[in-house]
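Protein chains: 2
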Amino acid sequence: MANLKPIEQKLAENARMINGYLERALSGQEPEPLGKASLHLIEAGGKRLRPYLTVKACEAVGGRAEDAVPFAAAVELLHSFTLVHDDVMDHDDLRRGKPTVHKVYGMPLAILAGDLLFAKVYDVALKNRPPGMPPERLIECIDKITEATMTLCQGQALDISFPCASDVSVDDYIEMVGAKTSALFRLCAQVGALSGGGSDNQVDTLGSFAWDAGVAFQIEDDVLGVTADEATLGKPVGSDLREGKKTLINIHALENATGEQRKLFDKAYGVEDASQKDIEAAVEALKEVGSIAYARGVADEYVTRAFKSLDAIPDTPAKDELKALVEYFVKREY
Amino acid sequence: MANLKPIEQKLAENARMINGYLERALSGQEPEPLGKASLHLIEAGGKRLRPYLTVKACEAVGGRAEDAVPFAAAVELLHSFTLVHDDVMDHDDLRRGKPTVHKVYGMPLAILAGDLLFAKVYDVALKNRPPGMPPERLIECIDKITEATMTLCQGQALDISFPCASDVSVDDYIEMVGAKTSALFRLCAQVGALSGGGSDNQVDTLGSFAWDAGVAFQIEDDVLGVTADEATLGKPVGSDLREGKKTLINIHALENATGEQRKLFDKAYGVEDASQKDIEAAVEALKEVGSIAYARGVADEYVTRAFKSLDAIPDTPAKDELKALVEYFVKREY
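Going line by line, the protein sequences match chains F and P.
Numbering-wise (this note's numbering), the first sequence opens with residue 8 and increments by one.
Numbering-wise (this note's numbering), the second sequence opens with residue 8 and increments by one.
No lab work stands behind these hints: they were computed from the structure.
None of the values given here were measured: they were computed from a predicted structure.
From the three backbone atoms N, C-alpha and C, an ideal C-beta is built for every residue, glycine too.
Where hints are given, some of them may not hold.
Stated by the list, open to error - Pairs of lysine-lysine, DSS-like flavour, derived with a Cα cap of 27 angstroms:
| id | chain 1 | residue 1 | chain 2 | residue 2 |
| --- | --- | --- | --- | --- |
| 1 | P | K151 | F | K151 |
| 2 | F | K134 | P | K134 |
| 3 | P | K12 | P | K338 |
| 4 | P | K315 | P | K330 |
| 5 | P | K151 | F | K134 |
| 6 | F | K110 | P | K110 |
| 7 | P | K330 | F | K43 |
| 8 | F | K43 | F | K54 |
| 9 | F | K284 | F | K242 |
| 10 | P | K134 | F | K151 |
What the hints assert, rightly or not - Which chain F residues face chain P? A few, computed with CB under 10 angstroms, are given here:
| id | residue |
| --- | --- |
| 11 | S45 |
| 12 | L46 |
| 13 | T89 |
| 14 | A120 |
| 15 | L133 |
| 16 | K134 |
| 17 | R136 |
| 18 | P142 |
| 19 | T153 |
| 20 | E154 |
| 21 | L159 |
| 22 | C160 |
| 23 | L165 |
| 24 | D318 |
| 25 | P321 |
Unchecked claim - Label-pair restraints from in silico Cβ distances:
| id | chain 1 | residue 1 | chain 2 | residue 2 | range |
| --- | --- | --- | --- | --- | --- |
| 26 | P | E237 | F | K284 | 55 to 65 angstroms |
| 27 | F | N208 | P | K134 | 21 to 31 angstroms |
| 28 | P | D207 | F | E30 | 40 to 50 angstroms |
| 29 | F | V111 | P | E15 | 46 to 56 angstroms |
| 30 | P | S246 | F | D207 | 48 to 58 angstroms |
| 31 | P | R71 | F | K338 | 18 to 28 angstroms |
| 32 | F | D327 | P | R71 | 49 to 59 angstroms |
| 33 | F | N263 | P | E37 | 23 to 33 angstroms |
| 34 | P | D207 | F | E308 | 51 to 61 angstroms |
| 35 | F | D174 | P | E237 | 42 to 52 angstroms |
| 36 | F | V111 | P | E182 | 22 to 32 angstroms |
| 37 | P | S168 | F | E30 | 51 to 61 angstroms |
| 38 | F | N135 | P | E182 | 22 to 32 angstroms |
| 39 | F | D318 | P | K134 | 27 to 37 angstroms |
Extracted from the complex, chain F is given alone in its bound form (with noise of 0.2 angstroms):
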């Protein structure tokens, strides 16, 4: 880990804590098959932004780390969930440089790893409390996480529901990722406050914080699509273009792009069969139109958004690496 930065080391130590708990959680689940298919996104690895987003927010206002890590488990078998379902709705192959749990495990039993891991999210918050906790609390939390999960289902419902990306303005672009990235990171500072002992205000405040932050995270998750290598990211560089995906990025060049530079957008944007060259070109058009400045911008003003609301929580060593948080994963460069 030596060439790690401090942030790197954290979510490391972190990634290691909670991925414990999780296999715990999993462990023994019969018949096995399911046990094995529930397990498999889990295993494929992940920084686990989310549970070290949990822990950092429960600090923040004062709480043990160690109150936060059921909630923190919790959120990622949360994330897990959707992963799966979300890869059998779109037909994806890859999910972290490893085939999806339904090209492993087939169609029926990725759909019900989804739904147990779904349920374990409130078996692991309801079997662990932290001790102290109130019951109300405890009851705001599987409100929190109910209310999170019915938006993200709306999310990838509009997701569905757009058929394609020249009919979605920025602002719906911005509602979409809201309730389909936001609603997650909101939940996770939320039951991270909750499980601290913060008062009504903070949870409301880590939430705004996290809501914000989720939103520059899709972006810059958008704009390492075309920037990044595949080693990276887990699958072939640009196959949101050639996918036709709904990005910041393609909906500013589909606005934006005119001439010769629409062109070249139009030969890889949702070209199934687009070369690697017709990628490349298009995503030379992107910079020159100046659609990744812009989605660059949009993230940034993002993040100055989240790390305003962090003016409201006291000064502490949490809430520092709260914003080093954000500043790792929206200036990633890894």
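We have chain F already, so just place chain P on it with the hints.
Positioned in the frame of chain F, the structure of chain P alone reads:
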């Protein structure tokens, strides 16, 4: 309603109340296609046996029916969620005589509608706590909902994992039915009794009653699959035969049918293009082998066990209604 039996009248009244509640709980869901997909199966009807069981368990411990209604709606949402997903997994085209959700709205929205229904289970249970229910009791309800769902997932996985009925013993069948059907019946009785302020003992006793009743119900469902008509079933008669389903009847026949009867059975069992005549001949063979009578006998044993559990519950009209419910669905000749 002049020709309805008393239990049928009561079920119909209860269904009206529950349906109104469910429609309100799911109304206004955005985006519209998701809202429609989630309501599709609920609007297709059904007797609402499970909500009735919930309400009557509440009354049987001295509670007020209205206090059980949110939980009665929640168990029906849970039932719907599992049916919508099961139909996707099993590629079934018909349910309650209507096209399944994925047939009408496509696989992605069907998965999503199931997920939303699942989240709504918790939403409805959390947002409508009966006045005076202590928070710890609500947590107990949420915990039992979660436990039951994990068991349902396990049951469905067992069903998927057994490749064919010849590998399934009667004990395997009972285990699978317990997990797939009885776990939900038990949940109904448990949350009903909890919402009515029942003692821990009463919650357990009514849970045991409902577990055994659930096994009897499922076996009777197998029997109806070969003895009822298509209008009653909402699917073709004998489709359990044609599809090679692991019903108690088929398991018995595989172990006991020989000679001519076995030949007739084999001509229909698991044979996708079996003619209606083949099916009818196979059903005759099942009768001659005694497989249908055997299944009915096992169902009766479970009814006896279920009724025995009720001995520990005070005599009330609700207790009689619980018995009448079981008699209705085990001896149904509709």
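Evaluation of the provided hints:
no.: 1; hint: P:K151 to F:K151; in the structure: holds (19 angstroms)
no.: 2; hint: F:K134 to P:K134; in the structure: holds (21 angstroms)
no.: 3; hint: P:K12 to P:K338; in the structure: holds (13 angstroms)
no.: 4; hint: P:K315 to P:K330; in the structure: holds (11 angstroms)
no.: 5; hint: P:K151 to F:K134; in the structure: holds (12 angstroms)
no.: 6; hint: F:K110 to P:K110; in the structure: holds (22 angstroms)
no.: 7; hint: P:K330 to F:K43; in the structure: violated (41 angstroms)
no.: 8; hint: F:K43 to F:K54; in the structure: holds (21 angstroms)
no.: 9; hint: F:K284 to F:K242; in the structure: holds (17 angstroms)
no.: 10; hint: P:K134 to F:K151; in the structure: holds (12 angstroms)
no.: 11; hint: S45; in the structure: holds (9 angstroms)
no.: 12; hint: L46; in the structure: violated (14 angstroms)
no.: 13; hint: T89; in the structure: holds (8 angstroms)
no.: 14; hint: A120; in the structure: holds (8 angstroms)
no.: 15; hint: L133; in the structure: holds (5 angstroms)
no.: 16; hint: K134; in the structure: holds (8 angstroms)
no.: 17; hint: R136; in the structure: holds (9 angstroms)
no.: 18; hint: P142; in the structure: holds (4 angstroms)
no.: 19; hint: T153; in the structure: holds (4 angstroms)
no.: 20; hint: E154; in the structure: holds (8 angstroms)
no.: 21; hint: L159; in the structure: holds (8 angstroms)
no.: 22; hint: C160; in the structure: holds (4 angstroms)
no.: 23; hint: L165; in the structure: holds (6 angstroms)
no.: 24; hint: D318; in the structure: violated (32 angstroms)
no.: 25; hint: P321; in the structure: violated (30 angstroms)
no.: 26; hint: P:E237 to F:K284: 55 to 65 angstroms; in the structure: holds (58 angstroms)
no.: 27; hint: F:N208 to P:K134: 21 to 31 angstroms; in the structure: holds (23 angstroms)
no.: 28; hint: P:D207 to F:E30: 40 to 50 angstroms; in the structure: violated (33 angstroms)
no.: 29; hint: F:V111 to P:E15: 46 to 56 angstroms; in the structure: holds (48 angstroms)
no.: 30; hint: P:S246 to F:D207: 48 to 58 angstroms; in the structure: holds (55 angstroms)
no.: 31; hint: P:R71 to F:K338: 18 to 28 angstroms; in the structure: violated (59 angstroms)
no.: 32; hint: F:D327 to P:R71: 49 to 59 angstroms; in the structure: holds (54 angstroms)
no.: 33; hint: F:N263 to P:E37: 23 to 33 angstroms; in the structure: holds (29 angstroms)
no.: 34; hint: P:D207 to F:E308: 51 to 61 angstroms; in the structure: holds (55 angstroms)
no.: 35; hint: F:D174 to P:E237: 42 to 52 angstroms; in the structure: holds (43 angstroms)
no.: 36; hint: F:V111 to P:E182: 22 to 32 angstroms; in the structure: holds (26 angstroms)
no.: 37; hint: P:S168 to F:E30: 51 to 61 angstroms; in the structure: violated (22 angstroms)
no.: 38; hint: F:N135 to P:E182: 22 to 32 angstroms; in the structure: holds (28 angstroms)
no.: 39; hint: F:D318 to P:K134: 27 to 37 angstroms; in the structure: holds (33 angstroms)
Consistency with the previously given hints fails for numbers 7, 12, 24, 25, 28, 31 and 37, ordered from lowest to highest.
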